[in-house]
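My request is simple: use the sequences and hints to build the entire structure.
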Amino acid sequence: MAGNVRRAAVFLALCLAARAAAAIQDGLLPNGNFEQAPPKSQLNGTRVMGRYAIPNWEISGYVEYIGSGQKQGDMLLPVPEGAWAVRLGNNASIQQRIEVTRGAPYSITFSAARTCAQAEQLNVTVAPESDILPIQTVYTSSGWDSYSWAFKATSSVVSFIVHNPGVSEDPACGPLIDLFAIKALPAPKGTKNNMLKNGDFEDGPYIFRNTQWGVLVPPMDEDDYSPLHPWMVMSSTKSVKYVDAPHHVVPRGARAVELVSGMETALVQDVATVPGRAYRLEFSAGDAGDGCAGAMTVQAYAGPGSVRVPYQSKGKGGHTRGVLDFTANANETRVVFVSMSYNMKGDGSLCGPVVDDVSLVCTTRKHGARRLLL
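Letter by letter, the sequence shown follows residues -23 to -1, 1 to 351 in mature numbering (1 follows the signal peptide of the UniProt record, and there is no 0).
What the hints contain is simulated information worked out from the structure, not anything from laboratory work.
In silico lysine-lysine, BS3-like type, Cα no more than 30 Å apart, as pairs:
1. K48 - K322
2. K293 - K174
3. K129 - K166
4. K174 - K129
5. K129 - K169
6. K48 - K17
7. K293 - K322
Every value quoted in this text rests on a predicted model; they were computed, and no experiment measured them.
Given below as structure tokens:
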């Protein structure tokens, strides 16, 4: 009898361990694409009536279950993947409990589209962290964009909440959401040849294999954990785009950042420096091979120095190298990248120059700020 109890206890422990391991695997959240439908008895037209009617999710307020091809008046409501998505009405929310590793950082990727002519936004929360993500700017011709958001887990089980804080005359007016995924973010490490961490942008939010439009990294407060940690996106409402090699041309490796918002957005990282010492910043600037053609310019800042790198894009991929030599004037130097140009594809979607392969090293010479182009 005691042996049976011990075997049962071991079996239960193994099951729980397997469940915990599965819970933190990178990829789609349970029913993250909403393909598991609520029971028909829990639907009133498109409105979901039961709090727990959508499998693996809990809802509050006016939530609709939207099928691919459905219309709102004359407007088609597109679904980015599969046959179903969810729309959050006024003050509505949807949430899921996720098993994670306490103290570990994670990134959430999801797709969203606004359905009304208003400045829609989403409030994303994993307590105690919470941010408002602006979704009024559309970066693709399909009307859908993928967004990312990051948090550090403060417990082994967290509640991930997406809330529509908007107030509209039409209670059903609100953003469509779909395709939720999670990814554990590794701790960024410096190398002997690079004082900057994640300078090649290989560590970032989850990108679905079948999505060709990349993932937006929205603006954030300086104390937020970034999906591109330790890089930060500084802006009031605009984003940068995280792109992958299977669908774009990247200068090096498998990932890069596309500056799609012109001078309204900056990509930033702070690094410890020694005042009076000389440093060299190097980086690649080019185009993602996504049809974004025309004159592009990337401006880089570091300490008292700056360099402007022009690039004439044919929209088929390619890059040039930029170099900035400068002398640090503080114990911490902010490295900043900004697109000085506003670019648009033939279909009207926003685009811009790609930044990749960024490095910062201490040089032996001491000199003032000097600008070079290779």
